[in-house]
Every structure is written in structure tokens, then in C-alpha cells.
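Bring the two chains, given one by one in their own frames, into a single complex with the hints.
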Amino acid sequence: MLAKRIIPCLDIKDNRTVKGINFKALKDAGDPVELAHYYAENGADELVFLDITATQEKRKTLIKLVEKVAAAINIPFTVGGGITTKEAAADLIYAGADKVSINSAAVRNPDLITQIADRFGAQSVVVAIDAKYHHNNWQVFLNGGRQAVALSLFSWAQQAQQLGAGEILFTSMNHDGTKKGFANKALSKLTDLLKIPVIASGGAGSYKDFKDAFIDGKADAALAASVFHYNQIKIPELKKYLKQENIIVRI
Amino acid sequence: MTKLKIALIDYGAGNIQSVQNALNRLGYQAVLTHDPAIITKADKVIFPGVGQASYAMKQLKNYQLDTLIPQLKQDFLGICLGMQLMCNKTEENNTEGLGVFPIDVLKFNHQLKIPHMGWNTLQHNKTPLFKGVKNGEFAYFVHSFYVPISTYTIAQTDYGLNFSAAIQKDNFYATQFHPEKSSQTGLNILKNFLSL
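Respectively, the protein sequence lines represent chains A and B. Using this note's numbering, you'd call the opening residue of the first sequence number 1 and step up by one each time. Using this note's numbering, you'd call the opening residue of the second sequence number 1 and step up by one each time.
If we strip away everything but chain B, and leave its shape as in the complex, we get (with noise of 0.2 Å):
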């Protein structure tokens, strides 16, 4: 195991599990944790997240994890729900985020299936997080609620219309998409984020 500190925040949302097998896959090992001095002190912070916005940042909140992440130094990647909270605000119950990006996250309003759900590709701009990923690979999505393009987005994905893929600003990351339920394509991406 590589001596890498990775914590990966456990606030209660789902599926955690899965983004820890997918690391043990890459020969890492991370901390499960809501305490604010093993996050502070880890090198790289992933930030998960299934499950409902308002009852994430509720325990957000409780573990005082919403004043510590937005003030993160470390390289910091959020999954899924993890990158809508890392937004401004979501139209899931009109919930308030950490507001990392000063993005609003909309809620999908077209006549496509609700929640976009499964395989779709990805169109990136070249950042290191996407390296070795050809435009057009497939990643995996579940989500009703999306992130609209910005001067952030560093990959996007059509479902009726763009939206953010990916997003970044400084050592902040966010993907919609689930790295670790991606096939190689997610596992690749989970290995730039811990070689940034």
C-alpha cells in the first residue's frame, strides 16, 4: 500500500464503500472519517455522495464539515452529490451548499427520463485529471439534478442539454459522474486525482 493519506469523508451518504474498493483496486488505502483533523492533515480529501442534499449537508453541518472543506488547501475530489454540494445552491429541496463554485445546481426539466442513469461519454478539455482518457469514453452517471456549464467545467455530457461532467477551481475537483463505479475509464480518473 502506498503511503498516500487519503480521507474519505463519511458523512452517512450511501455507498461509500464502493469509492474505497475502487482505491484498495489502485493499491490505496483511505481513511473513513468525519473528524475535522484527520481531513485536515490528509493529502488528498474525496468527497462522496449518494443520496439526498438536504439530509447530506444537515450531517455536513453536524460534523462542522461545512465551514472546514471550502477552507481545504489539499488536492480535493467530489463525487456526484459531492460536487452539487460543493455549489453555491441545489434546487433539491432549495438546499444551501458549501458554495465552493458560485454555480447554482438546476434541476433536469425536459421530456428525457429522470434520473439521467447510466453509461454516457465524456468531452473534456485535456486537464491532468482526464489524462490518458479519450474523448468520447463512457462514465456513469445517476443524478436529477445537474451542474450547468461554466468557466469551471473542465468535461461535459449531453443529455438533452450540456452539462458539467467535471468542474475545477484551484485544488477543488468535482465530478458528476461515479469514478468508481466507471469501468477502467473511472479507475484512470481516480488515479490522476491521487498523482495531481
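Excised from the complex, chain A in its bound form (with noise of 0.2 Å):
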């Protein structure tokens, strides 16, 4: 049987990771590649790499940074962040990512999520979605949560879903950051109407809360930054906690 996966996201800003990392048996816990290792041995099954650097000189250096992350790790990981045309992407798989993940620039040019699955294949295409619940709909935003778009949650991952997208990461900006658990009745909703899996994101605070994602939320995968990075939630405590709990998880 297949398992629920854990995904910890690492949010990388000029090569290093940022967000509080509290972990005593790193050396620099500021070091990607490090960290990665670290989660990769400690029961994640997968990570997620979101590239916030501001400028395209330095987002070249992210191609170094795969291909050592890559070298470190033996999972798979997707890269996020700026990813605008097809030779971005390519950039990235040559380098080492599984997949990419891509969000405004999606929305900004859905072909772009064709031109990478045919070429790349759909399992190699995240399509991420920040959306946000407001006057009874889940309105899509890009620029992280900045801008919104006349488009809900629901018919742009379908649209995402026709166009070759292999798999939908939904952010709810309304549980984001609140550690109350994750946006459950949207998610089954999205589970529900959509063939590819869909990664669960925004509002882990507790063992339980990746319960409900699996179990109310039928997400397949859930992904999770501090609750993992101020070591609050352990992955391997976390699996053994779910794994009693009836849900199948890689231990």
C-alpha cells in the first residue's frame, strides 16, 4: 500500500535556509545541503526547496546548490521559486530535482505546465496554489499571497490538473502560520474532484493535525516549515504516532 508522505519545506534565500532552525546535532544549520541530509536520515520522505532569493544573478547559484543537495541526498525533492520558462526547469531537473514546482508563473502562462510535463514527463510538475477563504470561495493569490486573481482553488488545480500538472501543493493562506490544523474540508474537496495527488499545506501545529489532513483532509502527502525546522514536531515520533493511528506511512 502506498504511503501518506512527509514533506519538510526548507525556505532558501541566497543559498541558505531561512526561518528559525533549531537543531543542536547540525553544525550550520543555515546550510541546505546539511539540513537536507538530516531530514533525508530522519524520516522525511521527501523535501521541498522554495528559492525566495530576489535577484537573477544570484538565482544562478541555485544550480550549484541543487546538484549538492542531490549529491547528499538519496529521496526525491522539488524545487520551487521563480521558475518562469521551460529552460528554468530543465536547469533545475539537469542539476538534480525530481520535480518543480511552479505557481505564479503558471497561472501568469498555463502553458508552461504543458511544456515542462512533455518534456519532463506530469510527475515532474508541482503546480503550487496559495489560495485564501473569502466570501464563500477560495480565491487564488500569486506572488506569495500578495496578489489575488480571478480564479478559485478548485477550477484552476482542475485546469492545472488537464494542462499536465502531476501534482497539486494547496497552501490555505487562512491556516498558514496558525499551527491549527490544516484546511481539511477544502483539501477533501480538492482530493475528491482531482486524478493526481495533492500535497497538504499551511497550518501543522500538532501530530494530530497531519492525522486529519490524511484521514478528514484524504490528502496524500502533508507538508510542514517550523513545526519541523524548531524541531516541535519530530518526523520519526510523528510517523510512529500516525502509523497507530492506522495510517500507512514509510517507517
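Please note that the accuracy of each hint is not assured.
Stated by the list, open to error - Heads up, simulated BS3-like pairs for lysine-lysine below, C-alpha to C-alpha not over 27 Å straight-line: (1) A:K68 <-> B:K191; (2) A:K68 <-> B:K5; (3) A:K218 <-> A:K180; (4) A:K195 <-> B:K107; (5) A:K208 <-> A:K180; (6) B:K3 <-> A:K68; (7) B:K107 <-> A:K189; (8) A:K185 <-> B:K113; (9) B:K134 <-> A:K240; (10) B:K58 <-> A:K86; (11) B:K113 <-> A:K243; (12) A:K189 <-> B:K113; (13) A:K211 <-> A:K243; (14) A:K243 <-> B:K134; (15) B:K89 <-> A:K195; (16) B:K113 <-> A:K132; (17) B:K169 <-> B:K107; (18) A:K211 <-> B:K113; (19) A:K208 <-> B:K113; (20) B:K89 <-> A:K240.
Claimed, not checked - Label-pair ranges, simulated between beta-carbon atoms: (21) B:K126 <-> A:E245: 29 to 37 Å; (22) B:T40 <-> A:A148: 57 to 65 Å; (23) A:D14 <-> B:I149: 46 to 54 Å; (24) B:K58 <-> A:K64: 26 to 34 Å.
Stated by the list, open to error - Derived list of chain B stretches under chain A, where covered just means 3 residues or more per stretch with a C-beta under 8 Å from a C-beta of chain A: (25) 39-50; (26) 114-122.
No wet-lab data here; the hints were simulated from the structure. Every residue, glycine too, gets a C-beta built ideally from N, C-alpha and C.
Set out below in C-alpha cells:
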């Protein structure tokens, strides 16, 4: 049986991890390669790197970082942030990324999804969607939640699937940072609508939040950042709990 | 580095570097090549594959590897799309394969999520490729098409139905999962292949 996946997300700026990282085991927790290796050895099923570097100049060094990460770990990883062309996606995949994640660029140029999927297969394209529930609607936002667009989460996710996305990474802006659980109702509706896997993001605070995302939200995978980075949730312990709750996880 | 000559077939199919990285971790270095002369002389040949079947077959034909591969005598390991291309044909764009295995590759046609993506368990027949791997260990899969169970099946996995996680015929081995992405379990399997 297929296991539910636990995915730590690492924000990268100028080739360093940002957000507080609290691991005594690490010499340099700001080093994405060392942190990636730590997670790979400690129960993570997959990793997501989100590059939030501002300048194009510095983004070029991202390729080198991806090469180093690929050499250091033997679990799959996704790289996202600022990918606007098929060529940029190809550079990251050739450097060793298993998947690329596209967000705003996919909304602005939906054909990008198809271009990457045709070249590298649907499994290599994660479409990330940030959405906020208001006015009785899950509205899609771009640019890290700063710009609203006239799209609903559900119709856009279906369109992305149609265009060749292999996975949807749904972040609820209402839940992100609250540590009060994932957007399980929306997740459940999304999972039922789609044929492709859904990664839940935003709101992880406790073991039970993960269980609820998998059972009530029917998510295929759950992503979190700070609860892992601050060591509030240890992945091996989380997986033991999930297994006791009869959820299939890789231990 | 060990002296074993390993050819890693490079035909423009996606993330080939991760296979090389896994080999490096085991203390080996493969030659990335699509040169028939180098492939023929190698001790071991690894045929990775991420991507789309018809594009990949076109590339193999360009390099005249479609006729070479079925004739190879050394231990040969196909991975993921590589495994599917070693079969007769695949439902992915109705592509003709290399015909090493007389099996047709089918598309998952059930209510479960496609692609089958993530970690799933292996049940294997205790062949040398799986030495030291316990039944029930997890490997990483990403695929929308599958190789049905046949007399060549040496490991299977359940995703709505049982399909071949690994197949073997003489010197030809193939895995549907990605050993290079399957943590320690995957490294063990790669190591076993190199020790055959």
C-alpha cells in the first residue's frame, strides 16, 4: 500500500535556509545541504526547497546548490520559486531536482505546465496554489499571497491537472502560520475532484493535525516548515503516532 | 573508486544525475554515454528513465541503441521508464518498446490517484537483486503505466492491483521503482546489482 508522505519545506534565500532552525545536531543549520541530509536521514519522505532569492544574479547559484543537495540525499526533492520558463525548469531537473514547483508563473502562462510535462513527464511538475477562503470562495493569490486573481482554487487545480500537472501543492493562506490544523474541508473537496495527488500545506501544529489532513482532508502528503525546523515535531515520532492511528507511513 | 566499468545510458531522459550520485555513494563512478562501443564493453549497464516513452524511444533510435540493447550480454538494469521501454510495447502513446520482455505495459485504469507517486512496499521472491531487503520495505515509485505480473516478475507491489515492481530475464533486470531515490533500501538493491 502506498504510504502517506511527510514533507519538510526549506525556504532558501541567497543559498541559505531562512526561518529559525533549531537543531543541535547540526553544525550549520543555515546550510541547506546539511539540513537536507539531516531530514533525509530522519524520516522525511521528500523535501521541498522554495527559493525566495530576489535577484536573478544570485538565482544562478541555485543550480549549484541543487547539484549539492542531489549528491547529498537519496530521497526525492522538489525545487520551486521564480521558475518562469521551461529552460529554467530543465536546468534544475538536470542539476538533480526530481520535480519543479511552479506557482504564479503557471497562472500567468498556463502553457508552461504543458511544456514541462511534455518534456519531463507530468510527475515532474508540481503546481503550487496559494488560496484564501473569503466571500464564500477559495480565491487564488499570486506573488506569495500579495496579488489576488479571479480564479478559484478548485477550477484552477482542475485546469492545471488538465494541462499536465502531476501534483497539486495547496497552501491555505487562512491556515498558514496558525498551527491549528490544515484546511481539511477544502483539501477533501480538492482530493475528490482531482485524479492527481494533493499535498496539504499550511497549518501544521500537532501530530493530530497531520492525521486529520490524511483522514479528513484525504491528502496524499503533508508539508510543513517551522514545526519541523524548530524541532516541535520530530518526524520519526510523528510517523510512529500516524502508524498507531492506522495510517500507512514509511518507517 | 572500484574498477568496475559501469555504463549509464544517457539519452536525454530527465534526472540521470541522481543515479550517478547513488553510484558515487556506493563508491562507483559510471560513464554517462550513448556510445554503442562503450556500452558494449561495459561490465554493467544501467538504463535509467524519467520522462515520456515515445520521446525516449526516438532518442534511443537516434543513437541506434534500440537494436543494441536487446543483444547485450552483461548485467543490465532498467529503471522506471527504462523498465517499461524494455517491454514489447506500452500504452503510453502506443509506443513500441525494445522487446526484451514479451509483455505489454498498461495504463493504470482505476479510481486511485495517477501517477502512482510515493513510497510503497515491495514483496519479492528472494532473488539475488533483493539480497538483504526485507519484504515490506518501502521503495519510491513515480509512474502512470505499469508492467503486469508475469513469469518474469521477481518483486511486486500493490496499487489498486498487484503489478511488477521488478522483473528479470537472464542478464536483464528492471525495477519500476527508483532505487536511486529509495533511501537505504534502494542503495542495497543497486549494490546487489553491481555485485551480481
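Which numbered hints fail: 20 and 25
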